[in-house]
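All chains, please: the whole structure from these sequences, using the hints.
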Amino acid sequence: MPLYSWCTSPYSADIHRYYKSREEHLPRILFQSPQAGSRASLVDWMRTVAEKYRLSKLTIHLAVYIIDRFMDTHNIATQKLGMVAMVSLLIASKFEDNADKTPSISSMISILAEDDRNAVTVSQAVVLEMFMLHSLNWRLGWPTAATFAEYYTLFAVVNGDKDPINTPHRSLKIVVQSSYDTFLDKTLMCVDLVNAAPSKIAATCLLAARINNMVTPPWPESLVTVTWYSYERLCSIAHFLLSLDTYDFESGYSSSSPEARSMRESLEQDSSSTP
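Reminder that position 29 of the sequence shown reads as 29 in UniProt numbering, one-by-one numbering, no gaps.
No lab work stands behind these hints: they were computed from the structure. All figures in this text were calculated on a predicted structure; none of them were measured in a lab. Warning: the hint list may mix true and false statements.
As the list claims (entries may be wrong) - Here are the computed lysine-lysine pairs in the BS3-like style, where the Cα-Cα straight-line distance is at most 27 Å:
id, residue 1, residue 2
1, Lys52, Lys101
2, Lys94, Lys80
3, Lys162, Lys186
4, Lys186, Lys52
5, Lys80, Lys186
6, Lys101, Lys80
7, Lys101, Lys186
8, Lys20, Lys80
9, Lys94, Lys20
10, Lys173, Lys186
11, Lys186, Lys20
12, Lys173, Lys20
13, Lys20, Lys52
14, Lys173, Lys162
15, Lys94, Lys162
See below:
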């Protein structure tokens, strides 16, 4: 996971505080899109394309946020959903990645599904890009879970941590960071987490990664200090993440599993309290 300079700067704690204040004002997704059932396939395609072009995690998380916002406020023709997903990635890449990493519109059109590809032109994509930016009021600087994960991954393993086979800290950190990336990626598909605070998603993914690799203690006081979240605030969501193999991604709507219900109760309590 590449690090932006703020993560290791002397002002990282202050910048983290700023992002925490920004996330309090994130517009909520109301789940009123008529095409909500297509979300899973669209996000899965976006993840595949991001991997193909080696786009950053910051880009894919911002792109998913953009498409969630746009779909929530527009009734999009089914044959145009692929173009919306494509343009969401383009906008996010221009904002988060270096210019030389942003794919061209024509190259992205070429990897759309055949039906979508035949319904999209470069000029239409450019027009849609401007329309989507206007719809978002040109505000793209919202923090996502990936924003906080860039920082939290530095603390994947801290002093005093150990696992059952006493893996050296450097090796254990690599393993936990890899698990962290995996859990973070899975959250993109979870409708239940769409309106969760990005910092809480990022912190919970770290807890899940540590539990998954049997790191003890699972959530030391130093991580409470870094993330502003206690173990109790994260544990129910972490267990939900650890149960994602049974999650119904395809529905586009919330899961009815016990883990999901417990997680939603935690998030509802969270909305009426402070970290």
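Hint check:
1. A threshold of 27 Å between alpha carbons decides the hint, and for Lys52 with Lys101 the separation of about 11 Å falls inside it, so the pair holds.
2. For the proposed pair Lys94 and Lys80, the alpha carbon gap of about 21 Å is at most 27 Å, so the pair holds.
3. For the given pair, Lys162 sits about 26 Å from Lys186 by alpha-carbon distance, which is consistent with the 27 Å threshold.
4. Restraint check for Lys186 and Lys52: satisfied, since their Cα atoms lie roughly 17 Å apart, inside the 27 Å limit.
5. For the given pair, Lys80 sits about 25 Å from Lys186 by alpha-carbon distance, which is consistent with the 27 Å threshold.
6. With a C-alpha separation of about 25 Å, the suggested pair Lys101 and Lys80 falls inside the 27 Å cut-off, and the hint holds.
7. Distance restraint check for Lys101 and Lys186: the Cα-Cα separation of roughly 23 Å lies within the 27 Å cut-off, and the hinted pair is therefore satisfied.
8. About 35 Å separates the Cα atoms of Lys20 and Lys80, which puts this hinted pair outside 27 Å; it is violated.
9. Among the hinted pairs, Lys94 with Lys20 is consistent with the structure: their alpha-carbon atoms are about 24 Å apart, no more than 27 Å.
10. Between Lys173 and Lys186, the direct Cα distance comes to roughly 20 Å. Compliance with the 27 Å bound is thereby established for this hinted pair.
11. Between Lys186 and Lys20 the alpha-carbon distance is near 22 Å, which keeps this suggested pair within the 27 Å criterion.
12. Simply put, Lys173 and Lys20 have alpha-carbon atoms about 25 Å apart, close enough for the 27 Å limit, and the pair holds.
13. Annotation: proposed proximity of Lys20 to Lys52 is violated, straight-line Cα distance about 31 Å (limit 27 Å).
14. A hinted pair counts as satisfied when its Cα atoms are at most 27 Å apart, and Lys173 with Lys162 qualifies at roughly 10 Å.
15. With a C-alpha separation of about 40 Å, the suggested pair Lys94 and Lys162 falls outside the 27 Å cut-off, and the hint is violated.
Hints 8, 13 and 15 from the list above are not met by this structure, while the remaining hints are.
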